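Those protein sequence lines, which keep their order, are chains A and B.
Residue 17 in numbering that gives the first Met the number 0 is what sits at position 18 of the first sequence, and the numbering runs on without skipping anything.
Residue 459 in numbering that gives the first Met the number 0 is what sits at position 460 of the second sequence, and the numbering runs on without skipping anything.
None of these hints come from the bench; they were simulated from the model.
Computed from a predicted structure; not experimentally measured.
Treat the hints with caution; some may be incorrect.
[What the hints assert, rightly or not] The list that follows gives simulated cross-link-like pairs (lysine-lysine, DSS-like), each with its CA atoms no further than 25 Å apart:
| no. | chain 1 | residue 1 | chain 2 | residue 2 |
| --- | --- | --- | --- | --- |
| 1 | A | Lys-91 | B | Lys-226 |
| 2 | B | Lys-230 | B | Lys-354 |
| 3 | B | Lys-226 | B | Lys-251 |
| 4 | B | Lys-81 | B | Lys-187 |
| 5 | A | Lys-91 | B | Lys-145 |
| 6 | B | Lys-187 | B | Lys-4 |
| 7 | B | Lys-4 | B | Lys-81 |
| 8 | B | Lys-90 | B | Lys-145 |
| 9 | B | Lys-251 | B | Lys-187 |
| 10 | B | Lys-431 | A | Lys-91 |
| 11 | B | Lys-251 | B | Lys-4 |
| 12 | A | Lys-91 | B | Lys-187 |
[Said to hold, decoys possible] Computed list of chain B residues with no C-beta within reach of chain A, every gap over 10 Å:
| no. | residue |
| --- | --- |
| 13 | Thr-129 |
| 14 | Asp-151 |
| 15 | Ala-260 |
| 16 | Ala-297 |
| 17 | Arg-307 |
| 18 | Glu-312 |
A virtual CB, placed ideally from N, CA and C, is assigned to each residue, including glycine.
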Amino acid sequence: MAISRDEVRHIASLARLRFSDDEEQQMAEEMGKILDYVDKLEELDTSGIPPMSHVLDIHNVFREDEVEQRIDHEDALRNAPDADSDYFRVPKVIE
Amino acid sequence: MLHEKYEPVIGLEVHVQLQTDAKIFSPDSTAFGAAPNTNVDPISLGHPGTLPVLNKKVVEYTLRMGLATHCSIASRAVFARKHYFYPDLPKGYQISQFDTPICHDGYVEILLDDEAVDTVGGDGQPQEPTKRIGLTRIHMEEDAGKSMHDRDPHDTLVDYNRCGVPLIEIVSEPDLRSAHEAYLYLQKIRQLVRYLGISDGNMEEGSLRCDANVSVRPRGRRQLGTKTEVKNMNSFRNVERALEYEIDRQIKRRELGESIAQETLLWDADRGETRSMRSKEEAHDYRYFPDPDLVEVAIDESMLEAVRSSLPEMPDARRRRFEEEMGLPAYDASVLTEERAVADYFEQTLSALFKRTKGGNTQAQAKEVSNFVMTDVMRILNERGIGVDAFPITADRLAQLVYLRMEDKVNSSAAQEVFEAMLEETDRSAGKIAEERNLIQVSDKGTIEPVVNRVLDENTEQVQTYLDGKDGLFGYFIGQVMRSFEGSPDPQVVRELIREKLEARREQANN
Chain A
0 MAISRDEVRH
10 IASLARLRFS
20 DDEEQQMAEE
30 MGKILDYVDK
40 LEELDTSGIP
50 PMSHVLDIHN
60 VFREDEVEQR
70 IDHEDALRNA
80 PDADSDYFRV
90 PKVIE
Chain B
0 MLHEKYEPVI
10 GLEVHVQLQT
20 DAKIFSPDST
30 AFGAAPNTNV
40 DPISLGHPGT
50 LPVLNKKVVE
60 YTLRMGLATH
70 CSIASRAVFA
80 RKHYFYPDLP
90 KGYQISQFDT
100 PICHDGYVEI
110 LLDDEAVDTV
120 GGDGQPQEPT
130 KRIGLTRIHM
140 EEDAGKSMHD
150 RDPHDTLVDY
160 NRCGVPLIEI
170 VSEPDLRSAH
180 EAYLYLQKIR
190 QLVRYLGISD
200 GNMEEGSLRC
210 DANVSVRPRG
220 RRQLGTKTEV
230 KNMNSFRNVE
240 RALEYEIDRQ
250 IKRRELGESI
260 AQETLLWDAD
270 RGETRSMRSK
280 EEAHDYRYFP
290 DPDLVEVAID
300 ESMLEAVRSS
310 LPEMPDARRR
320 RFEEEMGLPA
330 YDASVLTEER
340 AVADYFEQTL
350 SALFKRTKGG
360 NTQAQAKEVS
370 NFVMTDVMRI
380 LNERGIGVDA
390 FPITADRLAQ
400 LVYLRMEDKV
410 NSSAAQEVFE
420 AMLEETDRSA
430 GKIAEERNLI
440 QVSDKGTIEP
450 VVNRVLDENT
460 EQVQTYLDGK
470 DGLFGYFIGQ
480 VMRSFEGSPD
490 PQVVRELIRE
500 KLEARREQAN
510 N
């Protein structure tokens with residue numbers, strides 16, 4: 000199943016990625032191959048089989064509603080590219 | 000009228016913050032109002048390599064709401080990633096639910112008031128006082144952080160305290176037909192979450208948020224008009240105002256033959272209008288897929304049963320019980336059950352009163368307690384801006400006062416005075432306060448009679464004028480007796496005695 004360069008650009012922009020011309024071409028080819036493989040899987044009759052959401056056959060993994068402070072304010076801001084004493088700072092965004 | 004020609008069609012998406020202690024997928028606190036970026040955790044900050052684990056209480060709380068709103072409960076619920084880039088969402092996706100919401104296909108009933116009934120159909124048919132509003136779904140998700148754009152000229156500042164606070168999103172069917180119905184529906188959602196103890200439902204603090212899908216169509220037509228989405232309505236009053244404005248705007252455009260753009264609008268409360276967000280009209284492409292970090296939630300009958308047995312009596316059932324069993328007027332029942340804590344207080348007072356009266360006319364007693372709670376108690380709650388849990392007169396003590404009043408031990412103005420005193424003197428009983436202030440009503444004729452005799456003896460001139468035909472003086476004698484009495488004589492007894500004594504004197508004079 001062929002993927003167009005436009006589709007690659009659209010998906011890349013959704014993921015905030017930018018590719019060179021060569022990379023775009025390569026992506027289009029590789030993504031096409033992945034979709035071909037998925038097409039192959041679709042040959043199987045899966046009617047009546049509930050969709051699987053997780054590879055592990057376990058469910059109901061819960062934590063209790065208990066508060067634990069594992070990092071403090073300073074730790075939280077330590078990894079930020081930009082911060083002041085209170086806030087994370089990012090380039091101005093207004094939707 | 001243009002508004003009779005068109006029918007508004009409204010659906011609401013309501014987000015409710017659940018009042019858990021910890022966040023939905025991490026153990027950091029959900030406390031409101033903490034210093035910025037102090038209630039955070041590697042998971043809520045989206046650090047690489049961290050794994051979310053679901054807070055069990057979120058599931059319980061969501062099921063409470065689902066059961067209370069007659070929803071079908073999914074046997075398996077899956078979390079999905081909803082992708083978009085915005086700095087308030089550090090992972091680049093929000094964990095939400097997509098095609099397997101935990102609750103679906105429910106309804107709530109709203110009680111239409113006069114205003115709402117007027118806005119429904121103009122066919123002259125009597126309208127049902129209640130209306131059923133369908134719920135499409137209720138799902139669980141995490142809240143985002145908070146970004147501030149106007150604090151700094153160059154940067155956006157971000158606070159992640161709210162990031163990961165549990166939310167439920169409640170999506171209604173497009174069953175609402177006026178701005179006022181939308182308001183009533185939202186009030187009902189607030190009432191339910193507060194009754195269920197799963198949220199404080201505070202719109203001003205953002206624990207209840209509401210977006211609306213609005214369209215209008217000519218009455219009688221099935222096909223829906225183009226809808227707009229209205230956001231940023233942050234109070235109950237604003238929801239009604241914004242929707243009224245938007246409905247009006249759409250009708251006017253249609254009348255002028257102009258089209259309505261499908262777009263997102265922001266309500267500007269200061270200017271009283273909706274404005275286009277003017278964002279790039281690139282359709283959102285969230286690329287939902289099941290979150291591989293979280294396993295399925297399987298809801299079995301035992302889980303449901305545990306939640307079901309924890310549900311309190313819901314407001315509608317309670318309102319009906321107040322009407323049917325206690326014989327309260329519909330208005331009283333509706334006011335008293337609006338808040339669960341007030342309804343509890345009312346019932347505690349009533350049962351404390353029953354212990355004193357040991358029977359009798361229970362409906363009259365219910366009405367008397369209702370009067371005290373609706374007028375006196377609620378007036379103080381409003382004046383002081385407090386909840387009934389902070390009200391200084393306990394249910395037991397209020398019952399003492401109601402009992403004094405019902406037994407005619409105090410008259411109504413004395414009851415008022417005792418009530419005011421009880422607000423301050425929280426360690427004394429109503430009876431003690433009434434006694435100390437000489438407010439206990441004296442009904443004993445033997446005690447009142449000498450005072451009546453004395454007053455009539457001291458006012459021979461007025462007695463003569465009265466006997467000569469000036470009936471208006473009767474009130475004067477009552478006033479004199481009440482004033483001369485040490486304490487509070489029962490006005491009824493005073494009246495009877497004066498009449499008796501005056502008639503006796505008339506006969507004496509005639510003989």
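What hints, given by number in increasing order, does this structure fail?
Violated: hints 1, 2, 4, 6, 7, 9, 10, 12, 14, 16.
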